[in-house]
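A.B. asks: Same order as they appear, the protein sequences are chains A and B.
Per our numbering, the very first residue in the first sequence carries number 1; after that it's consecutive.
Per our numbering, the very first residue in the second sequence carries number 1; after that it's consecutive.
Calculated directly from the structure, the hints in this document are not laboratory data.
One should not assume that every hint holds.
[Said to hold, decoys possible] The list that follows gives simulated cross-link-like pairs (lysine-lysine, DSBU-like), each with its CA atoms no further than 35 Å apart:
#1 68/A to 95/A
#2 80/B to 68/A
#3 80/B to 95/A
#4 80/B to 120/B
[To be verified] Between beta-carbon pairs, the in silico distance windows are:
#5 111/B to 41/A: 42 to 48 Å
#6 48/B to 101/A: 52 to 58 Å
#7 32/B to 125/A: 46 to 52 Å
#8 2/A to 28/B: 47 to 53 Å
#9 30/B to 118/A: 48 to 54 Å
#10 60/B to 159/A: 50 to 56 Å
#11 26/A to 60/B: 15 to 21 Å
All values derive from a computational prediction rather than experimental measurement.
We put the beta carbon where it would ideally sit given N, CA and C, even for glycine.
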Amino acid sequence: MSIELFRIDDRLIHGQVVVGWAQPLDVSFIVLVDDEVSQSDWEQELYRMGVPPTVDVHFDSVETASAKLPGYMADVRRGILLTGDIDTMRRLVEKSGIVSRCNLGGIHHRSGRNQRMRYVFLSTDEEQALRDMAAGGVEVTAQDVPAARAVPLDDVLQGGGGK
Amino acid sequence: MTNDEVAPARAVVAGHGLFAEGMIRAVAQITGRSDMFIPISNATMSRDSLEAAMREHIAAGAVVIFTDLPAGSCTIAARKAMRGDDRVTLVTGVNLAGLLDFALHGDRSAAEAAQAAAEKARAAIAVIGGTP
Chain A
1 MSIELFRIDD
11 RLIHGQVVVG
21 WAQPLDVSFI
31 VLVDDEVSQS
41 DWEQELYRMG
51 VPPTVDVHFD
61 SVETASAKLP
71 GYMADVRRGI
81 LLTGDIDTMR
91 RLVEKSGIVS
101 RCNLGGIHHR
111 SGRNQRMRYV
121 FLSTDEEQAL
131 RDMAAGGVEV
141 TAQDVPAARA
151 VPLDDVLQGG
161 GGK
Chain B
1 MTNDEVAPAR
11 AVVAGHGLFA
21 EGMIRAVAQI
31 TGRSDMFIPI
41 SNATMSRDSL
51 EAAMREHIAA
61 GAVVIFTDLP
71 AGSCTIAARK
81 AMRGDDRVTL
91 VTGVNLAGLL
101 DFALHGDRSA
111 AEAAQAAAEK
121 ARAAIAVIGG
131 TP
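Looking at chain B on its own, in the form it has when it is part of the complex (with noise of 0.2 Å):
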């Protein structure tokens, strides 16, 4: 890296059971890049351990934390994680399309990132076909 790129931002993918591994794994096949994104898997977790892990990474400069539900445990101790500390912006629901998304614009600044993540996420939610 030169001194003119910018080092792109660190976030955590946490979810149920494989998630997170898998829509990191699913990243670097579409786009040959993951390194970006740290996996936290809440199988066998507590509520304590997952906060702490959040904490871990958060210190060593994660600044996104993604999640797959807004009230699952680990939104739960995202948020208790990142509390009072503005650097740290959380995205929860997201999908492979937000993931995209933020592993494709490393150029931007976190919250940028997880803002334009989050509204690329929401995006790509389609009802196609079907009856109501």
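This is chain A alone, in the form it adopts within the complex (with noise of 0.2 Å):
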């Protein structure tokens, strides 16, 4: 699988990705999935400013990803998928069919969500599509960076991925 991340980031493309990542990962290209993003160039721009040259970025709806997603993963090259909430990359999940891992990288603090660990914090509703996600037998775990432990959805819902 050439698509090495599947991630999780309400930042979408910033610092820890591209650098505490991308490097390390020596990933080729992301995949940035966000409906609102994929009709914005001047958004898009923004984003592909915090990427190096020698990063693809590309820029996909729910709908274009699911289509793309097995040439993405085809690609002899290293690649990161990233979306900006769970509702989006449960959507990717379902609709492509071929997502086994989701990793949790910073779902940060919002009206109506629980703190869960240090940078997830997760509505009622989110943490049925994660447990959803995994029933379906999608690995989900949550890891900021590389150097950190990757914790069990289990452990991250029962609140034992420290805070």
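With the hints as a guide, bring both chains together as one complex.
C.D. replies: Given below as structure tokens:
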């Protein structure tokens, strides 16, 4: 599989992704899946600015990403796929049927969410969506940076990942 | 402040972890002044809440935003928050030398002060010794 990381991160492309993950994984492309960003040239340019010129960035909606995902996964180069929220990843998982792993990288505080880890805050609906993904065969773990331990979903939901 | 004095430009300093707080403390330690700076840390903040915080400070009068990394989440949030607002200037990759320059030259316009701070920050980086 050439998508090395399927990550949910509400900051999308930022330092932790570009420096923390993309460099050690020797990533050559990033797929940013976001229905809103996929429709905005200005936002795409903004996120592209944060990526070295040697790394390609593809902007997709859930619809186009699920159609292109087999191609991305067949790419001989290494890539990262990002979504900004759980619902987008859940829809991609359901629509494509070929996502087997999911990394919770940064889901920050918002009204209605409870803190589960230092960088993971979840609403009841979001917890259920993650449970549904896991029940469907997706390995869900939380890990903000490569040097950190990957915390299994059950531990995350029990608050055992450390706050 | 008398009527002849110009209020110093207010600036947001935003970055990872304790970058902003540490930088502002360092400016205060050196100059005794730091009241023109407002710190923002991206720790525990989503892109939306970062952008909202920037907008709030811009609405309250901040006219310059300093960020740590050109491609970091703070810079992206700043660019979104200041879009369409010509009063606001963004300086990315700022360091202590740049912030000191800004703190010590409150008589300039915000844009001039930001430009001068960026030049000072750039000029402060030097490599001394070592074998290439």
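A.B. asks: For every hint, state whether the structure bears it out.
C.D. replies: Okay, the hints, checked on the actual structure:
Pair hint residue 68/A plus residue 95/A holds up; C-alpha atoms about 11 Å apart against a cutoff of 35 Å. The straight-line distance between the Cα atoms of residue 80/B and residue 68/A is roughly 29 Å, inside the 35 Å bound, and the hint therefore holds. A C-alpha spacing of about 31 Å is found between residue 80/B and residue 95/A, which places the hinted pair at or below 35 Å, so the restraint holds. With a C-alpha separation of about 26 Å, the suggested pairing of residue 80/B with residue 120/B holds against the 35 Å cut-off.
Distance hint for residue 111/B and residue 41/A: a CB-CB separation of about 27 Å, inconsistent with the stated range 42 to 48 Å. Distance hint check: the CB atoms of residue 48/B and residue 101/A are about 26 Å apart, inconsistent with the given range 52 to 58 Å. Look at residue 32/B against residue 125/A: about 51 Å separates their beta carbons, and that is inside 46 to 52 Å. The hinted range of 47 to 53 Å is satisfied by residue 2/A and residue 28/B, whose Cβ atoms lie roughly 49 Å apart.
Restraint check, residue 30/B to residue 118/A: a C-beta distance of roughly 32 Å breaks the suggested window 48 to 54 Å. The beta-carbon spacing between residue 60/B and residue 159/A, approximately 36 Å, falls outside the hinted interval of 50 to 56 Å. At roughly 44 Å, the beta-carbon separation of residue 26/A and residue 60/B lies outside the given 15 to 21 Å, and the hint is violated.
Of the numbered hints stated above, those contradicted by the structure are hints 5, 6, 9, 10 and 11, listed in ascending order.
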